[in-house]
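J.: As you go down the protein sequences, you meet chains A and B in turn.
Take any residue in the first sequence, note its place counting from 1, add 12, and you have its number in the working numbering.
Take any residue in the second sequence, note its place counting from 1, add 47, and you have its number in the working numbering.
Mixed in with the good hints, there may be bad ones.
[Claimed, not checked] Taking lysine-lysine pairs in the BS3-like style, the calculated list, with each CA pair at most 27 Å apart, reads:
1. A:85 x B:91
2. B:101 x B:91
3. B:91 x A:120
No wet-lab data here; the hints were simulated from the structure.
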Amino acid sequence: AQKITQTQPGMFVQEKEAVTLDCTYDTSDPSYGLFWYKQPSSGEMIFLIYQGSYDQQNATEGRYSLNFQKARKSANLVISASQLGDSAMYFCAMREGRYGNNRLAFGKGNQVVVIP
Amino acid sequence: EAGVTQFPSHSVIEKGQTVTLRCDPISGHDNLYWYRRVMGKEIKFLLHFVKESKQDESGMPNNRFLAERTGGTYSTLKVQPAELEDSGVYFCASSRGLGEETQYFGPGTRLLVL
């Protein structure tokens, strides 16, 4: 069963506007972590933001924030004030908390194109 | 601080040949991971080293894949013999410790098996 779901089609975003990327997850483990990575056309995977399942507040990192809704099992990424350099594929990933299990499960990704 | 590096960046080989991918983690990171993304699919976990020991190799697809991390520093992933379905991007990642530690990814090796 798929653990991370990213279903949005490719998105075009106007420069300087905000964009929300959807991510829902499936786990029965009470301890887990959620990550967002960015993959520009050059191919590298860049870590953006992390949210732990026990964190009380939504994570923020500069222009990135994570809208964590635990009951709905969603962890949407919000990018504020989009820039041309934000054009990339964005991946949501989850690490489940069982001891020794540190592997990440990834979604299929969301393609974002920022237009001037 | 240097990031995760991978070599080669690209590799084109024929079916039946052998290819060895290398990953150098961030200095001081005990945990090293291999992932793979084949065309049109999600990025999938392959295995996890803690220092030189295999902590979790549940994602290794079959015995044509052999990963090593001698001395607990760099790691190699050998595919022998390569098949067409092995084509994809192979990512390496590293993290300092277990738990909430973020995994930092390398640029990937793009493997094409003809």
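J.: For each hint given before, does the structure comply? Return the numbers of the non-compliant ones in rising order.
T.: Of the numbered hints, all hold.
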